[in-house]
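Please model the complete structure; the sequences and the hints are all you need to start from.
If you're matching them up, the sequences are chains W and L in order.
Quick note: the first sequence uses the working numbering, first residue 348, plus one each step.
Quick note: the second sequence uses the working numbering, first residue 3, plus one each step.
Just so you know, the hints here were simulated from the structure itself, not pulled from any lab data.
You may find that some hints are simply not true.
Estimated spans, in silico, between C-beta atoms of each pair [to be verified]: (1) L/A414 with W/A352: 24 to 34 angstroms; (2) W/A451 with L/V280: 43 to 53 angstroms; (3) W/Q353 with L/V419: 32 to 42 angstroms; (4) W/A451 with L/A414: 33 to 43 angstroms; (5) W/K483 with L/T545: 34 to 44 angstroms; (6) W/S378 with L/T545: 50 to 60 angstroms; (7) W/Q353 with L/S34: 32 to 42 angstroms; (8) L/R452 with W/T363: 20 to 30 angstroms; (9) W/Q353 with L/K402: 20 to 30 angstroms; (10) L/G401 with W/T363: 42 to 52 angstroms.
For the chain W half of the interface with chain L, some residues (derived, Cβ under 10 angstroms), not all of them [unchecked claim]: (11) L356; (12) A460; (13) L480; (14) D488.
Backbone N, C-alpha and C fix where the C-beta goes; we use that ideal spot for every residue, glycine too.
Here are the chains, one letter per residue:
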Amino acid sequence: MVDAAQKKLLVGRVRTALGFIVPLASLTYLSGLVVPIALAGWRDLPSTSARAFSEENCRPIFDAIAAHEAKNRQEGKSGFPDEPWSADDHRAAFERDVVRGVAADHHVTLPTAYLCFDEGIRRRWPGANGQPLDAKVAPLDPRRR
Amino acid sequence: MSLLPAIRARLTIERRFDNFFLRLFVYTFVASVYAKSMIANSALALTHGFDDHYFVAHELSARISILRFLEAPLWNPFYCGGVVELANPQDVSTAPDFVLRLLFGVAAGRKLAVLLFLFIGMEGMYRLARRHGSGIVGALTAGVCFSTFEWFSNAVFAGWINMCAFSLLPFAVYFFERGFDRRRWLWGSAVAIAWMLAAGGTYSVPFTVLALAFVALYEVIVRAWQGRPFRRIFSPALALVLVGVYSVLLGAMRLLPLFGTVVGNPRLVGEHPSQTLVKAFNVLMIPDAGMYVGSLFVFVAIVGVLFRDRALNRALILAAVFFSLTLGELEPTAPYMFLKRLPIYSQLRAPDRYDIVVVLFLGLAGARAITLAGDVLATIVARLLMSFLGAIRRYQRLGKPARTALVFVPVALTICVSILAGFRVAGPTVAHNHFADQLFAFDGPERVAREFHQGRGNRWDAHVFPEANRGSLQCFEETKFAQSPLLRGDLEHETYLLEDEAGHIEELGWTPHSIRFRAQLARPATVLVNQNFAPQFGANVGTVHSHDGLLAVDLPAGTSEVTLRYRDWKFIFGAIVTFATIAFLLRRPLAWTRDWFKR
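This is how it looks when you write it as C-alpha cells:
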C-alpha cells in the first residue's frame, strides 16, 4: 500500500518531471521549425565573381534583353502617354518579363541576367539599333491610380 | 443549480493546463501547418510579389550599412539614386525583429520574423481572451483564428512583413487594459506600438491607436454609467494619453526622422473605396475574398450575443464599430468619412483593413462564446447525470468526492468537446489560409564584391542590386521622394566635375553614407555625385548644394580631400531619447520577468 506521504512525493516527482519534459518537448518541436531556416540563413548568400560579368559571358544575355528595348519603351509609352514615370515603370515591367525569360533560356540565375544587362548599359554596348541603351530613368512620380 | 460549480470545476482543471510551454507546443503545431511551405522551401528564396522584392532591397541596404560599414541605416544609396532609409515610412530597420535579418540574412530573417509574429499574435490574443474570462480552449481558438486569418497570408505573399506587426495589436490592447489599474503595464502597450512604428507601421500604428481610443471610450462610458468616482471614470482616458507619451519616447529614434519625411510630403491616396454591408460580411466568411477568418468563427462570435454576457457584448460592440469603418466611403455619412478628416488617417487607404481590428474583437467574443457554451453544456450534462442518478435531492448530502465527480466528469467531457469545437472553428481558417506550396520559390539575390555604381536597374526585381553593389535608379515609392533627372547608370566614376577641364577627381572611398575623394582643381569648380541631394549631406570642404536634384559640392581651387557625409541630427536626438527610455525601463528587468511569468 502507498501511504499519503509517498503518494504526495510521487505526485511531486511526476510534476517535476512534467515541468521538465513539457518545455523540453515544446522547445525541441519549435527548434525543428526554426533551426533549419536559421542555419540556411547563416550559410549566407551565394557569391558570384565580378569576372562572371565579362563581355564574353554577358554579351549574349545583354543582346537578348536589349532586343526588346524599343518594343518595351513603345508599349510603356502607349500605356501612359502623358506620364513619363509611369511609362518608364511600365517599360520596366515588360523588361522584367523579358529578363526572366532570357534567364531561363540561357540557364543563368535571375540576378546574373539582370547584372549582365546592367553591365551592358554601363559599358554602353550597342543595342538592337546600334546605339547604347538609355541609362537614365524618368524621375519618380508615383501615380494615384 | 447555477453555472457556478461548472465554472469552478473548469477553472480548477484549467489551472493545471495553463502552461506557457504547452501553448508553445500548440503554436508550433499551428505554425507547422500554416507555414509549412515557408519552412519547407529554400530559406533564401523569395516570393514572386514585387513588394517582397522592394522590401528585401531596402532591408539589404540597411543590413549592408549596419554590418559591413557599421553605420546607422539612414540613407539608401541603392534605390532611386538615394532615398532616406530610416525616415522612409515603410522602413523596418529599427524594429526588434530586424535583428533576425541581421543575424540570419534578410531572406531567412524575414521568414523567422513571420514565425515570430505568428507566435506573438497567438499568445497576445490568448492572454487578451483569458483576461476577458475565456477558457483555455476558447482563447487558443481565438488566437489561432486571429493569427492565421487570410489577410496575414496575403500580407506575407505580397512581402509586407511590416504588416505582420499587426500581430502585436492584441498585446497592445491587453497591456493597455491592465494599465487602467496599474500604470506600469502601459509600458507594455507602448512597447508594442513603438515596435509597430519601427516595423513600418503605416497602418498598424494608427489602427492600434484607434482601437485603444475606442476601448478607452467604451470603458469611460460604462464607468460613468455605473456611477464610479470621477478619477476611476477617466482612468482609461488618462491611460490612453500615457501610452501615447510612452510610445513617443520609445519610438523617438524612428519618429523624429519620420516627421521630416511625412510633414509636407503626404502619401498619395487617390482611391475612394467602399463596400456594401453584405460584401463586408462576405469577405470575412468566404474563402479567397481577402479577409477570410471562417464562417463558423464569425457565426459563433455573433450568436454569442444570446448569452447576454457583458464581456462578450463589449467585444461585439467594439467589433461593430470597426466593422462600420470597413464600409469605407459608402455614404457621405459613413463613419469612415469622418475618420478621413483626421490627420494621418486621411493618408490611409484600403478601409477593409479595419477588418484586422474587427477580427480581434470578434475573436474575443468567439472565445467567450465557446467558453460559455462549454459551461452551459457541462451544467446541463451534470444536471442530467444527477437526475439520472436520482441524486438531486440528496446532492447536498453527498460526500465531497461524489459531488466533485458529479461536476468534474461532465466538465472534463465538455472541455474535450470544446477542443473538438475549437478544431472545427479554427481548422478551416488554418487549412484555407496556409501559405501556398510554391509561395517561396523565387531566386534570391547573389553577392558580387566590387565597387559601387548606380545602374538603371529595375524596381520590379529590386532585390537583385544591393548585394551586387549596384543601385537601381528605376524605382517606386509610396512617398514622392525627389529624384534627380541627371542620375545615370552608365558612368565610369560616380563622382565627376561639372566642367571636365576644371581639374581632376580621384575617388578615395565609399560607404552608403559617405563619399571620399581628392579634388585637384585649377579653378573653383563644382563636383557632382551620381546620387540624389539631401539636406542632411555635409562636407568638410566647400559648400554642399543641389544641382538639379543631384548631390553637388562647390570647391575652391587647389588640392583638397573631401568627405561628403550623411548625418541626421533628428535621428541622433531621437536615439538618445529612445535609449534613455529603454535604460529607464530596464532598471528592474528581473521584476518585470518575474511578474510576466507569475499568473
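- Enumerate the violated hints, using their earlier numbering and listing them in ascending order. Hint check: 4, 5, 8, 10, 11 fail, others pass.
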